[in-house]
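Work out the full structure: start from the sequences and follow the hints.
Numbering (UniProt numbering), first residue to last: 1 to 265.
Fair warning: there could be bad hints in the mix.
Claimed, not checked - Straight-line Cα separation of at most 30 Å, DSSO-like style, residue types lysine-lysine; simulated pairs: (1) Lys227 / Lys260; (2) Lys227 / Lys151; (3) Lys256 / Lys199; (4) Lys227 / Lys199; (5) Lys49 / Lys22; (6) Lys253 / Lys227; (7) Lys22 / Lys40; (8) Lys5 / Lys118; (9) Lys199 / Lys118; (10) Lys248 / Lys199; (11) Lys248 / Lys260; (12) Lys40 / Lys118; (13) Lys227 / Lys256; (14) Lys118 / Lys151; (15) Lys118 / Lys191; (16) Lys260 / Lys199; (17) Lys5 / Lys40; (18) Lys22 / Lys38; (19) Lys49 / Lys38; (20) Lys256 / Lys191; (21) Lys191 / Lys227; (22) Lys199 / Lys249; (23) Lys45 / Lys22; (24) Lys45 / Lys118; (25) Lys227 / Lys248; (26) Lys5 / Lys38.
Hints were generated in silico from the structure; no laboratory data involved.
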Amino acid sequence: MSDWKQSFLESIQQGVVEGVVKALDSQSTTHAGTAPSKIKNDAIKLLRKTNSDTLYPLILQLCGHENPTAQEVGAICLTDFYRSQSSEVNRVLYRLADSDNWEVREWVASACGLVLEKHFHDYFPVMAEWSRDVSENIRRAVVLAMMYAGKSRNPEFIDPFLDIIEPLLSDRSRYVRDNLGPFAIGNALIKYYPTQVLKRLDTWVNDEDEQVRWNIAMIFSAAEGAKFAHESQQVFDILSSDERPYVKKAVSKAIKNINKRTTGS
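Pasting the structure below:
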């Protein structure tokens with residue numbers, strides 16, 4: 001066993017959070033300032049194997065620590081306690097989802113996706129509430145959580161997800177929009193639930209809000225989204241008739257991506 005893992009396990013057994021953080025921090029890279037994903041995933045596995053009454057308090061301490069690696073590892077492990085500690089887990093994940101550290105926000109969005117997949121009926125109302133939050137970080141976490149949970153291809157998920165997405169299509173925040181149309185929908189949800197997503201697009205495209213149309217066009221600028229361009233001709237006809245520069249630019253980018261993938265040029 002590597003030295004860091006040995007120190008990590010000993011600190012867990014002793015319930016010493018600073019020892020846990022020190023072991024993780026010893027693997028941080030100069031470039032990122034945090035431990036690599038492999039190290040963090042190994043740490044998560046080790047924590048999950050721990051059978052101790054002190055584990056939950058330790059996880060909370062990791063989430064509350066100033067060290068970003070500790071927060072990332074803590075956030076993922078915290079999801080294991082949702083059934084028994086839902087209110088506290090919600091509060092902690094909310095706080096971390098609004099972190100100043102972009103990498104922490106990424107890991108927390110993934111954690112939210114885990115909770116959403118495993119505890120859909122309890123957690124979906126939380127995501128619906130967060131989708132209306134004043135913080136763009138929180139709204140963006142909802143978008144990514146649905147993307148991650150959507151990988152399960154659970155047919156029960158998609159219509160509620162699309163209901164949350166609908167008002168977010170007009171969200172002007174760049175942080176939200178860049179992760180919605182071209183990423184969460186274009187690279188994920190349309191792949192996992194093509195029939196349902198394409199049906200919604202037929203409705204959404206009639207909304208004249210230019211941000212809504214931008215998001216729809218940008219779905220087809222993604223690799224997966226481009227595969228469904230043929231089934232979306234009616235949508236493209238409406239988008240192509242929109243003369244507003246913001247929409248035209250998105251449509252042009254989508255068409256360029258589609259042509260590249262169909263003609264190879």
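Now the hints, each set against the structure:
no.: 1; hint: Lys227 / Lys260; result: 11 Å, holds
no.: 2; hint: Lys227 / Lys151; result: 18 Å, holds
no.: 3; hint: Lys256 / Lys199; result: 24 Å, holds
no.: 4; hint: Lys227 / Lys199; result: 15 Å, holds
no.: 5; hint: Lys49 / Lys22; result: 20 Å, holds
no.: 6; hint: Lys253 / Lys227; result: 15 Å, holds
no.: 7; hint: Lys22 / Lys40; result: 13 Å, holds
no.: 8; hint: Lys5 / Lys118; result: 29 Å, holds
no.: 9; hint: Lys199 / Lys118; result: 26 Å, holds
no.: 10; hint: Lys248 / Lys199; result: 23 Å, holds
no.: 11; hint: Lys248 / Lys260; result: 18 Å, holds
no.: 12; hint: Lys40 / Lys118; result: 21 Å, holds
no.: 13; hint: Lys227 / Lys256; result: 13 Å, holds
no.: 14; hint: Lys118 / Lys151; result: 12 Å, holds
no.: 15; hint: Lys118 / Lys191; result: 21 Å, holds
no.: 16; hint: Lys260 / Lys199; result: 25 Å, holds
no.: 17; hint: Lys5 / Lys40; result: 11 Å, holds
no.: 18; hint: Lys22 / Lys38; result: 17 Å, holds
no.: 19; hint: Lys49 / Lys38; result: 17 Å, holds
no.: 20; hint: Lys256 / Lys191; result: 20 Å, holds
no.: 21; hint: Lys191 / Lys227; result: 9 Å, holds
no.: 22; hint: Lys199 / Lys249; result: 24 Å, holds
no.: 23; hint: Lys45 / Lys22; result: 18 Å, holds
no.: 24; hint: Lys45 / Lys118; result: 18 Å, holds
no.: 25; hint: Lys227 / Lys248; result: 20 Å, holds
no.: 26; hint: Lys5 / Lys38; result: 12 Å, holds
This entry satisfies every hint, going by the numbered hints stated previously.
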